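Chemist: Please arrange chain B on chain A, whose structure you already have, making use of the hints.
Those sequence lines, one after another, are chains A and B.
Going by this note's numbering, the letters in the first sequence line up with residues 1 to 38, in that order.
Going by this note's numbering, the letters in the second sequence line up with residues 1 to 471, in that order.
In case anyone wonders, no lab produced these hints; they're calculated from the structure.
Just so we're clear, the structure is a prediction, and the values are computed from it rather than from any experiment.
Idealized CB from N, CA, C, for every residue including glycine.
The reader is advised that the hints may include incorrect statements.
[What the hints assert, rightly or not] Only part of the chain A face toward chain B is listed, based on derived beta-carbon distances under 8 Å:
1) V11
2) A22
3) I24
4) F36
[To be verified] Far from chain A, some chain B residues (derived; all Cβ distances over 10 Å):
5) I31
6) L34
7) L69
8) S77
9) N82
10) A93
11) L106
12) R108
13) V240
14) G273
15) I288
16) I328
17) I381
18) Y409
19) L453
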Amino acid sequence: MSNNIEILLMVIAVNVCVLGVAFIALYRLNRAADQFDR
Amino acid sequence: MHLIPQSWSHLHILVSVFPSVGLIFVLGFYITALRAKNEGMKRSCLVFLVILGLLAIPTYFSGDRSMALLSQDPKISEHALNVHYGWGLAGLAVLLITGGYALVELWRGRAVGYLSDQALKVALGLAGATLVMMIIVDELGWEISHHELQRVVPAALAATATAQTWSHVHMILNHFPTVGFVMALAFYIIALVVNNDTLKRSSLVVFVICSIVGVPTYVTGAAAMWALTVPPIPEISKAVINAHRDMALWTLFGLGFTGVAAWIELWRYRYIGRFSNTSIYLILAFAIITLGIMAETGHRGGQINHPEIRVPTDVLPTDPTAGISPAIELLINNVIWFVPWQTVHFFGFTLIFATVLIVVLRVLGFWKSVPFSAVHRLLPIGVLAVVMNVFTGMLMLLADTYRYVVNDYTFAPKIAFIPIGATAVLYFSLSDRLWKLKAGEDAPAAAKAVAILVLVCWAGVIACGRLLPYL
Chain A
1 MSNNIEILLM VIAVNVCVLG VAFIALYRLN RAADQFDR
Chain B
1 MHLIPQSWSH LHILVSVFPS VGLIFVLGFY ITALRAKNEG MKRSCLVFLV ILGLLAIPTY
61 FSGDRSMALL SQDPKISEHA LNVHYGWGLA GLAVLLITGG YALVELWRGR AVGYLSDQAL
121 KVALGLAGAT LVMMIIVDEL GWEISHHELQ RVVPAALAAT ATAQTWSHVH MILNHFPTVG
181 FVMALAFYII ALVVNNDTLK RSSLVVFVIC SIVGVPTYVT GAAAMWALTV PPIPEISKAV
241 INAHRDMALW TLFGLGFTGV AAWIELWRYR YIGRFSNTSI YLILAFAIIT LGIMAETGHR
301 GGQINHPEIR VPTDVLPTDP TAGISPAIEL LINNVIWFVP WQTVHFFGFT LIFATVLIVV
361 LRVLGFWKSV PFSAVHRLLP IGVLAVVMNV FTGMLMLLAD TYRYVVNDYT FAPKIAFIPI
421 GATAVLYFSL SDRLWKLKAG EDAPAAAKAV AILVLVCWAG VIACGRLLPY L
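Just chain A, with the same shape it has in the complex:
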């Protein structure tokens, strides 16, 4: 049972980290383009 919880926690941790970094990168890129968009 604890193994299942460990897997779930790892899934949450890895996905939050990777998708979080991707979100921040996209947000910054988008903001930079906003200043010059037509």
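Modeler: Below, chain B alone, put in the same frame as chain A:
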């Protein structure tokens, strides 16, 4: 590192890839220069044709000297050497003529102040003919020492053996990111020195293309590893392959950083209309570091099956379990590591497909009230998702490379669809005609054809990936 050749064979292997694979990249830049009518870029391409022509000299002498040495080896076929030599002489003659013609045109253009369109087309035709000759010569050259490509596996072991086609495809593919990076870096430095934006953009595109090709190169390398080790070939060591594989992993990261940074700069250029100095020099630094890593990867790859380039000071690895790749294989086989990265992989392909679907449907005529520039803003989501999936896909591949590349029938088409789809997506970020597509306007027919290709490729990637456990 022994990047400075210490034998004629080593020099021949290094120098001979430039008049063939290098020429493909010079031709790409040359055709872009002709289409963009960019004088500076045309001159740069002619200079590179002259340089490639000059490489005929070291290619001939190193080939002649290595032939003298290799003809004493009983394992090397005299006939294969002679056929390669004959075609090689013809190929080098055409290469010299192309280089000489480019030099004459440069000289004439300097005297009269412009380059003749007719002469530029003749140079293009000559370069094309040289490329055809060089492809034949290279193919014949490989047959000299790569006897594993003709290996016949005993019937009893055939079920577990991997097709040597993988080794052949890997040997062809791995020259594209390496030589491509050398050529792109050379053109990029010229572009920075002469401040030519078209040349900068073209070089950035080549960095991105080389990064895309890095994916099938890495995967075919994993398949080639199994083709060379199961059943084992006595003179090929798994430990030496692992040393090459570890460096290839770093190369994949280097290609990822350089490719993404180059693509982001191309994307930003659309909005800002100029390049950011910080980004431009950051990409230069990434490219130089990646090229260094790739050179070492290539050298280690050469050591697998080219005993003639080894020197007495070379200490080859002997432990097949040492290195990063076997360690990752061990770790990722644990479910607690595999499942989280697999989940990221699934998020990645939903993001890729969502981005692709929106952009493709706009190009095909849906939501005409939206200008193309609006959907262009979404492209970074797809690109970052591709990076996520290359990284997670590589981790999942390491969990059981044999199963994926040897046993699963849908893995090869999946990997073939990725570079085709990714290169086609590059068209959406670069096309001037699409960028100018206003609300209410219909996309050109060529763009619609690319859109359908992109949709088919990415749908193919997902479908083939899902079928992996079953076929």
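Chemist: Which constraints among the numbered hints does this structure fail? Numbers only, ascending.
Modeler: Violated hints (numbers, rising): 3, 14 and 17; every other hint is consistent with the structure.
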